[in-house]
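Chemist: Please construct the entire structure, taking both the sequences and the accompanying hints into account.
Numbering (our numbering), first residue to last: 625 to 888.
Check each hint, because a few of them may be wrong.
DEER-style ranges, computed between Cβ atoms [as the list claims (entries may be wrong)]: (1) E671 to V703: 16 to 26 Å; (2) V639 to V703: 49 to 59 Å; (3) R769 to E671: 38 to 48 Å.
Quick caveat, the hints were computed from the structure, so don't treat them as lab data.
Owing to the predicted nature of the structure, the values given are computational and were not obtained by experimental measurement.
We put the beta carbon where it would ideally sit given N, CA and C, even for glycine.
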Amino acid sequence: MSVVIPVYQEGDAIVSCLRRIRREVTLPCEILVVHDIPDDSTVPYVEAIGAEDPRVRAVLNTYGRGPANAIRFGVDVAVAPVAVVTMADGSDDPRQIDELARLVDRGVVVAAASRYMPGGQQVGGPRLKRMMSRYAGRSLHWFARVGTRDATNSFKAYSTDFVRQVGIESRSGFEIGLELTAKAARMRLPVAELPTIWLDRQLGESRFDLARWLPSYLRWYRFAYGRQLTAEQIRAGAADRARKYADADVAPTPVAEYVPPQQP
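Modeler: Right, here's the structure in full:
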């Protein structure tokens, strides 16, 4: 699998994150730490670890700044059939990376680490964000039958073939997890979940901007409801969705045919 970690000026905080991932992940993998700028403070620490562990490498995102573009770039350059997206802030449990990847290997296209299913828990974080995320996850599970109670969590594993079939339209925040879950639901493809305990980050500052990214979350929340679509219909609709939201700061970009970028 390919483990994709978007970062921005994490500095030495990335060391403990990578230490846990290297210790807990037992499946063959590459660990891609995706940064937006060449002089990001995270890069020297990643390169030092990479010198000892060839699985780890820093990857410069050329799609544009922001977590959505970093994740999109990381998935595009991933060489494995499974991509697991996890955060650099220590909020996700790295012991579950193998489990999520195995679910995709068994046939689901999206495997979600769920805070809101039995056995899951969210510790810390802004109260409003927790309430909105929980409501969105449960209502999508009940009414849109998306296959997970936590569609908004970024900690997910994906079939890279599926992602390249439907494309990623998100360009702003962390709504990619919801976008791809919604697309899987509209295609009636299998989505699975396992319980996770999410811990609010202990070091550094959160990059999550609820006010800025809420319109994108609402768009993909609405998209999850509707008739069954094919991958071709989803891609064809990307241009219409871009026009519909052309006046918004978070307007999606039409999805072109997937062309792998040059390996860094």
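Chemist: All hints, please: hold or fail.
Modeler: Right, here's what the structure says about each hint:
| no. | hint | result |
| --- | --- | --- |
| 1 | E671 to V703: 16 to 26 Å | holds, 20 Å |
| 2 | V639 to V703: 49 to 59 Å | violated, 25 Å |
| 3 | R769 to E671: 38 to 48 Å | holds, 44 Å |
The earlier numbered hint that this structure contradicts is number 2, and it is the only one.
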